[in-house]
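Participant: Chains A and B, in that order, are what the protein sequence lines are. Per this note's numbering: the first sequence = residues 1 to 189. Per this note's numbering: the second sequence = residues 1 to 232.
Treat the hints as calculated values from the structure; they're not laboratory data. Be a bit skeptical, because a hint or two may be false.
When the alpha-carbon atoms are kept at most 30 Å apart in a straight line, the in silico DSS-like pairs for lysine-lysine are as follows [to be verified]:
1. A:Lys7 with B:Lys194
2. B:Lys194 with B:Lys106
3. A:Lys7 with B:Lys193
4. A:Lys154 with A:Lys166
5. B:Lys138 with A:Lys7
6. B:Lys85 with B:Lys193
7. A:Lys7 with B:Lys85
8. B:Lys138 with B:Lys194
9. B:Lys72 with B:Lys106
10. B:Lys106 with A:Lys68
Restraint-style ranges between C-beta atoms, simulated for each label pair [stated by the list, open to error]:
11. A:Asp177 with B:Ile212: 33 to 41 Å
12. A:Val102 with B:Trp144: 41 to 49 Å
13. A:Pro180 with B:Thr208: 47 to 55 Å
14. A:Val189 with B:Asn129: 53 to 61 Å
15. B:Arg31 with A:Gly164: 43 to 51 Å
16. A:Gly165 with B:Ile212: 50 to 58 Å
17. A:Gly165 with B:Trp144: 39 to 47 Å
18. B:Asp204 with A:Pro180: 47 to 55 Å
Far from chain B, by Cβ distances over 10 Å, these chain A residues were calculated [said to hold, decoys possible]:
19. Glu59
20. Asp86
21. Ala138
22. Arg168
23. Glu181
Bear in mind that the values here come from a model prediction, so they are computed numbers and not experimental data. We treat Cβ as the ideally placed atom computed from N, Cα and C, and that holds for glycine.
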Amino acid sequence: MSNSELKVTPSQTIGPFFRFGMDWIATEQLVEEGHPNAIVVHGVVYDGGGNPVPDAMIEVFQADENGKFPPECAGSWSGFARRLTDDNGGYEIRTIKPGAVVAANGELQAPHIAVVVFARGLLKPAFSRIYFSDEAEANSKDPLLNVIDDPKAKNTLIAVSESGGKYRFDVRLQDSDLGPETQFIQFGV
Amino acid sequence: MGSILGQPLESVDPPYHFPGYQSTGLRGPNRNPLIIRPGDTELHAPVFGESRIGPNDNDLTAQHQGQPIGEKIIVSGRLLDSRGKPIANQLIEIWQANSAGRYAHKLDDHDAPLDPNFTGGGRTLTDSNGVYRFTTIKPAAYPWGNHPNAWRPAHIHFSLFGTAFDQRLITQMYFPGDPTMDSDPIANSIRDKKVLARLISDFDWDLTISGIALGYRWDIVLGGPNPTPEAK
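Pulled out of the complex, with its shape left as it was, chain B reads as follows (with noise of 0.2 Å):
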C-alpha cells in the first residue's frame, strides 16, 4: 500500500514563528511538522445539535438584564468549504472585548470598565445554506503589552468547525477602515495583504435594522485538504 505521508497544500496561514508577536517565541513549534494525508479519525468532525445552543447563545446583547454599552451590530455570513460547498449544522463560537475594549477575564488588566450587562461569549449553529448571524456590540480596541503604544484593532475571535477535524480553525474577525491594523503583530503575521483582507469584514446595508444595529458581512472559507467533492 502507499504511504501516507503528502505534500503540503499553499498556505494561507501565519507561520508559527513573528518576531513582531513576541509570544510566539518560546510557543510556536520550530521542528517541520510531519505532512500526512489525514487519516479516518480527521476526516470525521464532531457534531453538536441544536440541544447545545441556548435561545440567547447569538444574541450577546440579551444574556442579562439590561442592555449592553455601545453599538449594536449585527455579524452575519456564510460558512463554506474551499469549493464553495455551505457547511451546514456546524457550531460557530466567538468571543470579543466589549464596547470599552475590556474582556470579562480575569487577568485582563486593561483599566477600561467591565459592562455588568455585556459577557461577551456566543455560539450559534450554521443553518442549511451555512449562514450564522450574531447580534453583538461592537468592541473597542484594546492596549496590549507587546510593544509601547501597542494596541490590537477591534476584533471578534471566531471558533469553527467544518466537516473534517483536520479544518478546525480559529481566528480574528475586523472591522473595515481600522487605523489601528497596520501596526498591528498580529494581524500583519499574515504578510500577504490580498490575505489578510480575508478577516476584514464588510458594512452592508442589507444587514442593517433600521433604528436599531449597523451590519457586517463576513464569510469564512475552512480550508483542509479533503473538503466534500462537489456533486456531479
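Bound conformation, chain A alone (with noise of 0.2 Å):
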C-alpha cells in the first residue's frame, strides 16, 4: 500500500474577488524593455455571449530561448507570468519566444507558451497554449496541434503575428458571434 494514490484536492473557482490577494506580481514580466527579442502577447477574454471578462486572471509558463526551465535555466528567469484582465477583458504580457522542447513522445514542438485561465464561473482552470502565427514551418510539423483535426479549433491556438512584434491571443471560453471556443487543453495519461 506504500504506493497507493493518495486523494487528490478537488478545484473551486477562482471567484470575483481575487484581486488584493494575487495582484503581488500580476505587472511583473518577462524580460525588460528593450530586451533584444521580446514580444509582447496580448488580448482578451470573452464569454459566450461575446462580453469581455473583466475578472479572469491569466498565468502563462514556457521555456527561455534556449529551451530551459528553473531551476536549470541561466539568470533569474522565472518562466511565469500572471496578469488579471482589466475593465475590457485585456490582458497584456511581455515575453520572449521560448527555445525549442519536447512533447511527451520525444519530438520537438513549435514554440509554444502554456496558458491557464480562471475566472468567476470557471470551477476549474482552463488550459490552453499559445502558438505564434510567424512559425508556420514549425507549427506544421508540432505534434499537439496535428493532433486537432479542426482547422478553426486548431487557429485558436496560434497568436497572430501584429505589428512590432506583438502577438494577439484571445481567449473565448465558449462559442460566440466571435469567433469559436478556444481549444482547451486536458492532461491525461
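Mind docking these for me? Both chains are given alone in their own frames, and the hints should help you get the complex.
Facilitator: Listed below in C-alpha cells is the structure:
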C-alpha cells in the first residue's frame, strides 16, 4: 500500500474578489523593456455572449530562449507571468519566444507558451497553449497542433503576429459571434 | 513516434457547467477538451524563492498597525503530490473575507464593515516537508446574488503550484460544521460528498495556541498525470 494514490484535492472557482490576493506579481514582465528579442502577447478574454471578462486571471509558463526551465536555466528566468484582466477583459505580457522543447512522445515542438485561465464562473482551470502565426513551418510539424483535425479549432491556439513584435491571442471561453471556443487542453496519461 | 494524445485521469474536479451556479452558464467551456500527455512545458513549474515572501506575508493579522477584529486562527497542513511526496519550497497564496464577511475589494457591495487592520491576502512557501502555516482571522459567511437567500459558507481561497504546471490548482478551504455548506452551489458542484469533504479543514488541538488562536489543519494533494515517482 506504500504506493497508493492519495486523495486529490478538487478545484473550486477563483471567484470575483481575488485581486488583493493575487495582484502582487500581476504586473511583472518576463523580460525587460528593450530586450532585443522581446515580444508582446496580448488579447481579450470573452464569454459565450461575446462579452469581455473583466475578472479573469491569466497565467503563462514557458521555457527560456534555450528551451530551459527553472531551476536549470540561466539567470533569474522564472518562465511565469500572471495577469488580472482589465475592465475590458484585456491582458498584455512582454516576453520572448521560448526555445525548442519536446512533447510527451519525444518530438520537438513548435515554440509555445502554456496558458491557464481562471475566472468567476469557471469551477476549474482552463488550460491551453499559445503558438505563433509566424512559425508556420514549425507549427506544421508540431505534435499537438497535428492532432487537432478542425482547422478552426487549431487556429484558436495560434497567436496572430501583428506589427512591432506584438501577437494577439484572445481566449474565448465558449463559441460566440466573435469566433469559436478556444481549444482547451486536459492533461491525461 | 507515438501520439501525444492521452487518456483522461479520473477527475475529482467539478464540471464546467453546474446550473445551480449561474456564472457557469456563459463562462464554462462547452467543447470537448483535447486530452494530451503533457509536454516539457507543462511538466516543469515556476520556482518562487524566499526573496518573494515578506516577513508578515503568512500572518494576516500582522499586516497593519492594529489587530484585526475576529477569531484568530492558525491554518496549517501539508502540500503533497498524489503519491504522498511533499512538495517543498513552493508558493501557496491565500485570500479571504474578513470576520464580518466582507472582502477588501471595490466590487464587494455586501453591507458589512471593512476592517482597517485586515486586508485578507497572504502567501508563504512550503518548507522541506511540504508544510505551510498561516495565521489569520476566521472569515465569516456572506450573502451573494446567485439565488434568493444565497450565502457562501466561510472559506479561504487557496492558490497552489506543484512541481509541474499541469498541477496548477485554485480551490477553497471550508470549516467543519458550517450549516450553509449543504445549500452552497459552488461547494456542491462537487457531487461526491467524499470528494467535497477533502475541502473541509479539521479542527486540531495540536495547532491551537493557548490563549491566542484556534487551529485548523488542512492537507492539500495535487493531482496531475505525472507526479514525481517515488524514490526506488
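Participant: Go through the numbered hints given earlier and state which of them the structure violates, listing their numbers in rising order.
Facilitator: Structure breaks hints 2, 10, 11, 14, 15, 19, 23.
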